[in-house]
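Protein chains in written order, with our numbering: chain Y, 1 to 346; chain Z, 347 to 646; chain A, 647 to 960.
No lab work stands behind these hints, which were simulated from the structure alone.
Virtual Cβ for every residue (Gly too), placed ideally from N, Cα, C.
Everything hinted at is true.
Okay, the calculated bits of chain Y under chain A, using three or more residues with CB under 8 Å as the criterion:
# : segment
1 : 120-129
2 : 139-147
3 : 153-167
4 : 222-231
5 : 285-293
6 : 300-314
Computed footprint of chain A on chain Z; a stretch qualifies when at least three of its residues, placed anywhere within it, have a C-beta under 8 Å from a C-beta of chain A:
# : segment
7 : 471-482
8 : 497-507
Looking from chain A toward chain Y, a few residues come up when the C-beta cut is under 8 Å (computed):
#  : residue
9  : Leu666
10 : Cys678
11 : Val735
12 : Gly738
13 : Val767
14 : Leu881
15 : Ile915
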Amino acid sequence: MPAHAEAAVLAPVPGGPTAIDLKERVRNTASDQFMPYLLGAAAIFSGLVVTLLVFFVVQKAWPVFHAEGLRFITAGGWDTQLEDAWNGSAFFGVRALIAGSVFSTLGALLVSFVLGLGCAIFLAELAPAWLRRPFETIVQLLAGIPSVVFGLVGLMVVVTFIADRMVPGNSGDVVTEIPIGGACLLAAIVVLTFMILPFFVTVATDSLRAVPRSYVDGGLALGMTRWRTIMRIQLPTAAPGLIAGLVLAAARGIGEAIAISMVAGAIAFVPNLAHGPLYMFLEPIRSMASAIVENGGEAMDVPSIAAALFGLATLLLAFSITLSMIARWAFGLFSRRMGVVSDRNL
Amino acid sequence: MSGTRPPVSAIRKGVPVSDTFMTADPHDTFSLLEGMLSSSAPRVRDGVAPAVFEIRALDVSYGSKRVLHDVSLELPEKRITAFIGPSGCGKSTALRCLNRMNDEIPSFHSRGKIMLAGQDIRGKGLDLTALRRAVGMVFQQPNPFPMSVYDNIALAVGEHEGRIARSTLDGIVEQALRQASLWDEVKDGLKGSALALSGGQQQRLCIARALAVKPAVIMLDEPCASLDPISTARIEELLLELSTDYSIVIVTHNMAQAKRISDKVAFFLMGRLVEMGDALQVFEAPARSETAEYISGSFG
Amino acid sequence: MGSITKQGNRRIGSSIGIALCWAASIAVAAVCLFIIGYLVFQGWHAINWHFLSTDPVASLSEESAGGVRTPMVGTAILVLFSIVLILPVAIGAAVYLAEYMDERWWITRIVRIGLETLASVPSVVFGMFGLAVFTLGFFKFLSSSGTEGGSMAFGRSFLVASIVMGVHILPFVIKVAEEAIRSIPKSLRQGALALGMTKWRTIRKVVLPAAAPGIATAVVLGMGLAAGDTAIVWLTLGGTMTMASDAWWKFSNWLPVLRGAGSTLTTFIYFNSPAGDGNSPGAAFGAALVLIVLVLVLNLTAQLLFRRGSKAGS
Numbered sequence: 001m002p003a004h005a006e007a008a009v010l011a012p013v014p015g016g017p018t019a020i021d022l023k024e025r026v027r028n029t030a031s032d033q034f035m036p037y038l039l040g041a042a043a044i045f046s047g048l049v050v051t052l053l054v055f056f057v058v059q060k061a062w063p064v065f066h067a068e069g070l071r072f073i074t075a076g077g078w079d080t081q082l083e084d085a086w087n088g089s090a091f092f093g094v095r096a097l098i099a100g101s102v103f104s105t106l107g108a109l110l111v112s113f114v115l116g117l118g119c120a121i122f123l124a125e126l127a128p129a130w131l132r133r134p135f136e137t138i139v140q141l142l143a144g145i146p147s148v149v150f151g152l153v154g155l156m157v158v159v160t161f162i163a164d165r166m167v168p169g170n171s172g173d174v175v176t177e178i179p180i181g182g183a184c185l186l187a188a189i190v191v192l193t194f195m196i197l198p199f200f201v202t203v204a205t206d207s208l209r210a211v212p213r214s215y216v217d218g219g220l221a222l223g224m225t226r227w228r229t230i231m232r233i234q235l236p237t238a239a240p241g242l243i244a245g246l247v248l249a250a251a252r253g254i255g256e257a258i259a260i261s262m263v264a265g266a267i268a269f270v271p272n273l274a275h276g277p278l279y280m281f282l283e284p285i286r287s288m289a290s291a292i293v294e295n296g297g298e299a300m301d302v303p304s305i306a307a308a309l310f311g312l313a314t315l316l317l318a319f320s321i322t323l324s325m326i327a328r329w330a331f332g333l334f335s336r337r338m339g340v341v342s343d344r345n346l
Numbered sequence: 347m348s349g350t351r352p353p354v355s356a357i358r359k360g361v362p363v364s365d366t367f368m369t370a371d372p373h374d375t376f377s378l379l380e381g382m383l384s385s386s387a388p389r390v391r392d393g394v395a396p397a398v399f400e401i402r403a404l405d406v407s408y409g410s411k412r413v414l415h416d417v418s419l420e421l422p423e424k425r426i427t428a429f430i431g432p433s434g435c436g437k438s439t440a441l442r443c444l445n446r447m448n449d450e451i452p453s454f455h456s457r458g459k460i461m462l463a464g465q466d467i468r469g470k471g472l473d474l475t476a477l478r479r480a481v482g483m484v485f486q487q488p489n490p491f492p493m494s495v496y497d498n499i500a501l502a503v504g505e506h507e508g509r510i511a512r513s514t515l516d517g518i519v520e521q522a523l524r525q526a527s528l529w530d531e532v533k534d535g536l537k538g539s540a541l542a543l544s545g546g547q548q549q550r551l552c553i554a555r556a557l558a559v560k561p562a563v564i565m566l567d568e569p570c571a572s573l574d575p576i577s578t579a580r581i582e583e584l585l586l587e588l589s590t591d592y593s594i595v596i597v598t599h600n601m602a603q604a605k606r607i608s609d610k611v612a613f614f615l616m617g618r619l620v621e622m623g624d625a626l627q628v629f630e631a632p633a634r635s636e637t638a639e640y641i642s643g644s645f646g
Numbered sequence: 647m648g649s650i651t652k653q654g655n656r657r658i659g660s661s662i663g664i665a666l667c668w669a670a671s672i673a674v675a676a677v678c679l680f681i682i683g684y685l686v687f688q689g690w691h692a693i694n695w696h697f698l699s700t701d702p703v704a705s706l707s708e709e710s711a712g713g714v715r716t717p718m719v720g721t722a723i724l725v726l727f728s729i730v731l732i733l734p735v736a737i738g739a740a741v742y743l744a745e746y747m748d749e750r751w752w753i754t755r756i757v758r759i760g761l762e763t764l765a766s767v768p769s770v771v772f773g774m775f776g777l778a779v780f781t782l783g784f785f786k787f788l789s790s791s792g793t794e795g796g797s798m799a800f801g802r803s804f805l806v807a808s809i810v811m812g813v814h815i816l817p818f819v820i821k822v823a824e825e826a827i828r829s830i831p832k833s834l835r836q837g838a839l840a841l842g843m844t845k846w847r848t849i850r851k852v853v854l855p856a857a858a859p860g861i862a863t864a865v866v867l868g869m870g871l872a873a874g875d876t877a878i879v880w881l882t883l884g885g886t887m888t889m890a891s892d893a894w895w896k897f898s899n900w901l902p903v904l905r906g907a908g909s910t911l912t913t914f915i916y917f918n919s920p921a922g923d924g925n926s927p928g929a930a931f932g933a934a935l936v937l938i939v940l941v942l943v944l945n946l947t948a949q950l951l952f953r954r955g956s957k958a959g960s
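Start from the sequences, fold in the hints, and give me the full structure.
Now the structure itself:
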């Protein structure tokens, strides 16, 4: 057996190996020691800041929930209550606001689903290679347009169009409660559609692309046309991802304040089907989010109004957290199906 | 000696080869390849070398999966030792134990002793940085940092030497590149991106980087697996040169390569060390039947 | 033969389907381009040097309504401050999530759910959160009360708005930065470790420099988000036309300005649109054009950086 290694054998050679001394040395490991803790603190703080948010908002909303309980949600009459609050009354019912948020978001979801699905299929399957990148850029741009710009353009284009072309002259006779102008539910839906569309399109495109090629090839080999493989194979497989995209778009829609405030008429009115389908869409609405932003100025000095606004904020939190959980569940379902995680949120 | 080709047998005898051989003269390259392709006898080097690494009864598992069983061997100093064996036999795992790279894997457990210069590297109180300086590693896929050629080497040196004068650093970089026989090809482009080099050049850069911190042992895990035959030949040439100053351990799938350059061979099979000995003896007269079967290509 | 006709119908159905998809995409692209084009068309004649360099003046007639300089400065202050405040936390968290955090720990799930939830919160709610927290007496130092701008209760200022905006963009910046760090191949880290570098040194000297383009993308995206938001600004900054000090560029004035109220391009547009109280749509369009140019530039920069990053890494 060769002799055991001698220290002399490993003595430094000029230009060659250094002597080996493996005893632990005190190095400048200060940063190595505390950096992970510092970074960890940043990560944990970021993860927990949402609880701070919930706490403070709910705490400020407590007075109105404590005083009214569920009637906060079920009662109507927000606009008059707001006026009365300046005189000391302190009752608020936000039913109309909830209706405004829900109706506008649902409408926008519907249209955005149809349009967005077409765009997603286009991007994932139909677009020629040279067109893909530009169109993706356009979708990204649409996502980046500030909401106030959507509101401004919506106001000048959509609202005036509706006022000029769609509102019948005798509207005052049919809908007696409030004046009908261009600012209405329909305008809100149109504007909101294009605001939430990019969120749905990016997720839907990723989901469609994640469907394994082998499934599609199997369909083609059986003689199915390209379109039918998309409809019959890819869409159903990608369905959980599509749902997640819809939910994310919905969250975006529910939370939109500025654009709705600008184009939807700022009147807390529940669109009334009894007036006929046309008028239902021509009636103005107000959403939870837009109500907050419209009254977030001087009105905050009145404690009862402030509490009511925080109450609205709490409702919005509840909506968005629920939607976020649903989206998470849907993504989980999707990735388990695919073995692939694709959770690009904008 | 410009223009004359040294005899191919000189490579096998471990005689240092002159610089002129490293030119891109197609004749030289061809004769190099010729030497490789013709049946070659394993190296014979004189003298008995002391052991630089001693491994005693090493057991390794990942979680509940046992990967190495009771491995004991000694790595000779300033020689080339090859670990051979079929896929999954544990040779790469054994290699990675020597610089404790396996520690990065959460489910890794090991037992036994690994002695380097009289110290158990698995024990407490070990300076991991010093260990990894003394035992350098080159990976299967070249992995230069996305920086300039100069910075690739300077970064590693800076970690260990701390602040040194620019001129000293320049000297170290040049020497390392010369040792890796890369200097002539990059000396005018030291600031260029390392990623712009060819595969073979990148791998030699990784070797230069490992050399720059002045290790005692250099380990290579299938370093030529992703390279073409010409680059492979150059790196084998390089290793032969380096083995006069450094102890070299190479994991290889390529038995012809093992035959060409190694002094000692360790044959692993299913996590056990089946046979270890001089290259000449293992290849021409293996003591174990499994070794003979593997060498003759019956499996693996 | 029945089956061939059926196939013919299928073909037609296919073509209709494909045509519809094309139509949808063209429609969406048209809307996007229309919005930008309409802004350019409407805002173009409002843009001149006078517009960009004078401060807005409250007045009834549009003629002497001044320019848009204060809101522009306001946007710049807000965007820069929110990024500066949030950057160390965001990168620190991203590094920790990508390099140190194990996906099996329970705390990892909590952090990830927390970040996802934070990302889903509408910006109005952030604004209300700002009002809930920063009106507490403890935070009085962050804002001045009773500025010349009008009825600004304390609790509103650039500082407050920047902090709230920072929290709003935090999850997005973390997400993009984390992806950038994760995309650095493992082989680079292994190479550095094998050379004897410690984990933190590897991160600092090898991983972070390599991930720099991706992290820059994250920053630019965050800036775009901060520039385009209105609700948070409206609630936490107000919509005053003037800032605490006219000579905002003087260093000695910086703290009062930051502690004071003001406006940004977004609140300016909101205020001056036909739906707001200001009612000078010409100025609103001019400001909208400036804003959209800013956002487009940031957006395109982010995309360029992103592509440069993914090329360099391979």
